[in-house]
Amino acid sequence: MPFAMNAWYQAAWAAEVGRSLLQRWICGQPMCLYRTAGGEPVALADRCPHRKYPLSLGRLDGDVVECGYHGYRIDATGTCVGVAEQDEKPRASVRRHPVAERDAVLWVWPGDPAAADPALIPGLEWLTDPGWTHVHGLVPLKARQELLLENLLDLSHETFLHPTTIGNAAVAATPIEVAGDASSVRFRRHMLGIEPPPFYQQSMGLTAPADRWQDGEFIAPGVFLLHIRMAPSGTQEPEGFHMKVFHGMTPSVDGECHDFYALGRDYLLDDAALSKFQHQQQLSVMAEDVRALEIQENMYATGGDRIPESSIKGDVAALRGRRIVRRMIAAEHMAEAAATAAPGARRAG
Amino acid sequence: MPFAMNAWYQAAWAAEVGRSLLQRWICGQPMCLYRTAGGEPVALADRCPHRKYPLSLGRLDGDVVECGYHGYRIDATGTCVGVAEQDEKPRASVRRHPVAERDAVLWVWPGDPAAADPALIPGLEWLTDPGWTHVHGLVPLKARQELLLENLLDLSHETFLHPTTIGNAAVAATPIEVAGDASSVRFRRHMLGIEPPPFYQQSMGLTAPADRWQDGEFIAPGVFLLHIRMAPSGTQEPEGFHMKVFHGMTPSVDGECHDFYALGRDYLLDDAALSKFQHQQQLSVMAEDVRALEIQENMYATGGDRIPESSIKGDVAALRGRRIVRRMIAAEHMAEAAATAAPGARRAG
Amino acid sequence: MPFAMNAWYQAAWAAEVGRSLLQRWICGQPMCLYRTAGGEPVALADRCPHRKYPLSLGRLDGDVVECGYHGYRIDATGTCVGVAEQDEKPRASVRRHPVAERDAVLWVWPGDPAAADPALIPGLEWLTDPGWTHVHGLVPLKARQELLLENLLDLSHETFLHPTTIGNAAVAATPIEVAGDASSVRFRRHMLGIEPPPFYQQSMGLTAPADRWQDGEFIAPGVFLLHIRMAPSGTQEPEGFHMKVFHGMTPSVDGECHDFYALGRDYLLDDAALSKFQHQQQLSVMAEDVRALEIQENMYATGGDRIPESSIKGDVAALRGRRIVRRMIAAEHMAEAAATAAPGARRAG
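Those protein sequences? They're chains Z, V and E, same order as listed. For the first sequence, my numbering assigns the number 1 to the initial residue and increments by one for each residue that follows. For the second sequence, my numbering assigns the number 1 to the initial residue and increments by one for each residue that follows. For the third sequence, my numbering assigns the number 1 to the initial residue and increments by one for each residue that follows.
A few of these clues could be false.
[Unchecked claim] Examples of chain E residues lying across from chain Z (beta carbon under 8 Å, computed):
{"id": "1", "residue": "49"}
{"id": "2", "residue": "50"}
{"id": "3", "residue": "57"}
{"id": "4", "residue": "255"}
[As the list claims (entries may be wrong)] Over the 12 Å line for every Cβ pair with chain V, so calculated as not near, a few chain E residues:
{"id": "5", "residue": "22"}
{"id": "6", "residue": "39"}
{"id": "7", "residue": "93"}
{"id": "8", "residue": "123"}
{"id": "9", "residue": "179"}
{"id": "10", "residue": "233"}
{"id": "11", "residue": "293"}
{"id": "12", "residue": "315"}
{"id": "13", "residue": "318"}
If you are wondering where the hints come from, they were derived from the structure by calculation, not from laboratory data. Model, not experiment: these values are computed from the prediction. Glycine included, C-beta positions come from ideal geometry on N, C-alpha and C.
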């Protein structure tokens, strides 16, 4: 699988998952998501151990999922606890993936459960902070996750792809500073004394000259967070408008991914009309990205393996991000190859 | 080809085939079906020997098919008998597949013609027996034939997939007895003193307690027949309502099959409204199966080769059926490999 | 790639290409077509050297294409001349394909530019000759170019596929004479004293007996030209009606091609209603061909590699044409293999 499996990915918004069964593909695997009567989230491999029918098409009976084809009954640990056809319990089970609910997000770990350390979950406390409000949702994307990741780590594209909303000449013209470590990338682009782009003029009433900060963060492999500050030129923090853009970038199947997004602000918290306006703008902007990324995916998919590539300084953050994820994938492949090659090794199905 | 080729399969309902040309894919091969002026059914390989255009898009001239692209003329033996462009007959032919018409069914043998013994055709005399009436049709299925076969040989699924029509708790709760031989499987499920499922209440006026018999038969690789008896509890054969369900399961292309079905009864033979009701119910039930099987096909197709499987007692008939067909396929592959490896072997095109 | 690359193909009708960007796939390669301010046609490889986004989705700034994703600026030679994000020019370029505009056609050479000799472009002077008028267009075809080529080089199919417009029994019944050389095929079919087919009766008012000439020319790999004469029997050239049918047959991607067509005449030049009628008839005829060729493509694609083939005398022109193109492709593959095997060889990306 061309995915980094040993990692936390957003599986859903926490509020999406309740007392009904939801199928979602994560890193090439179908998962059946639901909550127990006690409210605990569960992610089971979504192929019945009997004949592979999706458990998510069955029904919940207490905390047990009953398959909708032949009635295998699977509990929240993934263990078969019975079937109507016979008294003996079938010895069967499906994988239960580690999940964690935090900050309004349901996280899942598709890889080796033993390595699933909740301490590795990125913090998104602002999503439930009363000093912030946000809009959010999920956009399916028929493009590999890497292309979304690079899109977000190189915001110079705003100038060209989003000129009528969040982009203007200043974005591409302002260099970024990049930092980070083995599993994250940070960049900052501080645009000072500029004309605010249309979206910010409309939602903040800002006029030129203004300062616009874009402080981005990528936490490998699936989280992108952008800290935005818009303020009249010359003012200092914490003065000004603050916004945050979050993307939970989760591979679904080969060449496709989920784009969970949230757009938050720390001002006019109760202004429902503003929330609606910002949500519409966000969806407009993302529709431009979706179109571009799906076209780009096709150009990669049809372009052969060895097409050369040109990069510039502004790509440093995106290239670091890409490299981190590719290294994770390569390391997992090497570990798997070593395990397979080891004497007496046995491969789990 | 992942199909058992040396076998009789239903190619069509006999009444579908007449003096026009019909294309049907059988076991990965396009066939051109028609009848001669004398009424004999014909199945020709449906690629013109000239440039592969489907003969079925041409026209019948007597018993000769004239290709609709360049006019090759192919007779009912598959031999080219002329072409408008020149006086000399081209030396060309297409394969004529053995066919047989019996019991309202047109059977075809897609494999080695020398092995096509009409004595091997399963008997379905009730389809033309004046003591019976039936409705029938063809449903295309985007699922491998094996999944349809297992669906029919494990009717416990009626409880879960068809709860509003033919299923209730009694089906899954009643064990089956299984018998058979190297090329067939039989099972019986006799449910005694039960509540009749909705379909039978409505079409027979039966009330509880009733007896329901399901005596099934699989004749490899493509025929399933279910003998049904519904009667007030305590009555003896031949008292009660008898029905039969037939499925001609014919692989079309990889991952797809034809589901020829018939539903017959031996009571109220002239009740056209009942026939219409039963046909509608049958199509409703099959629509539930089609949806489930096409989803299941996708779960198998995306699941890799080695997904483990759990089975229970109720699967015995389905597992036997599957094994018989897989053995037929394996035996054909071995025979072909042996023939290819033999010194001086030549491979037919 | 299964295409002859070192050849001139029609990329567009000249009038299609102007001061906006047009994407067209030619021989498996996306191309970005436009004209410079000076009117010169340009064909650039349509993947930005930065991140493969189609240049054709960007915008023209003078003669420079600015990529619509991150703003790479590519001039008409394919060289990157800047990017908004930094002062230094990226060292990057895309391939510029040789193009030539002639006779209302824009030609492109997708292969080795060094071999692109404009003297090899087939002459189509009649397309701009004031003694002629024509209708033209482009029909996309989901069939390999070879099938279109064979369709046109064996017009006996008119009898069977186009019986209500341009075909009648005389076409298939009249043998052709074939000539040609290593890169072209010519055939003539002179039908004397025949009934004119419906299309010619309607557009010329001809009645039987008439003479119909079909003098065809294939110039490998992508040009087909048919010279038609219809006249009352017994008259001599230049008396009669003359028409020409042109097809620019350009592979687009695997299993598909562009069918650029033109239908010209040397009579009633100003009769707009006749032009409209002829265009409609041409499109009707081509719709029959498209349907047949796309079905035929599927029969080849699903038929395996070794299906045997029968041919007749009337196929001589088509077989020559096919062989010429296959030889071109094989020669290119051998040259490439030799270049790769040579010591010190380096492969261009």
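Evaluation of the provided hints:
Hint on residue 49/E holds. Least Cβ distance to chain Z is approximately 4 Å, under the 8 Å limit. The criterion of a C-beta within 8 Å of any C-beta in chain Z is met by residue 50/E, whose closest approach is roughly 5 Å, and the hint holds. For residue 57/E, the interface hint holds, the least distance from its beta-carbon to any beta-carbon of chain Z being 7 Å, beneath 8 Å. Violation of the interface hint for residue 255/E is found here, the shortest Cβ-Cβ separation to chain Z being roughly 13 Å, above the 8 Å cut-off.
The Cβ of residue 22/E sits about 34 Å from the closest Cβ of chain V, beyond the 12 Å cut-off, so the non-interface label holds. Listed as a non-interface residue, residue 39/E keeps its Cβ farther than 12 Å from every Cβ of chain V; the least gap is roughly 44 Å. Distance check for residue 93/E against chain V: the nearest CB is about 41 Å away, which clears 12 Å, and the non-interface claim stands. At roughly 31 Å from the closest C-beta of chain V, the C-beta of residue 123/E stays outside 12 Å, upholding its exclusion from the interface.
Distance check on residue 179/E: its Cβ is at least 19 Å (rounded) from any Cβ of chain V, clearing the 12 Å threshold; non-interface status holds. Remark: the non-interface label on residue 233/E is consistent with the geometry, its nearest Cβ contact in chain V lying 22 Å away (cut-off 12 Å). Not every CB of chain V is more than 12 Å from the CB of residue 293/E (nearest about 9 Å), against its label as outside the interface. At roughly 8 Å, the least C-beta separation between residue 315/E and chain V is not larger than 12 Å, which violates its mark as non-interface.
With a least beta-carbon separation of about 9 Å from chain V, residue 318/E fails to lie farther than 12 Å from that chain, contradicting its non-interface assignment.
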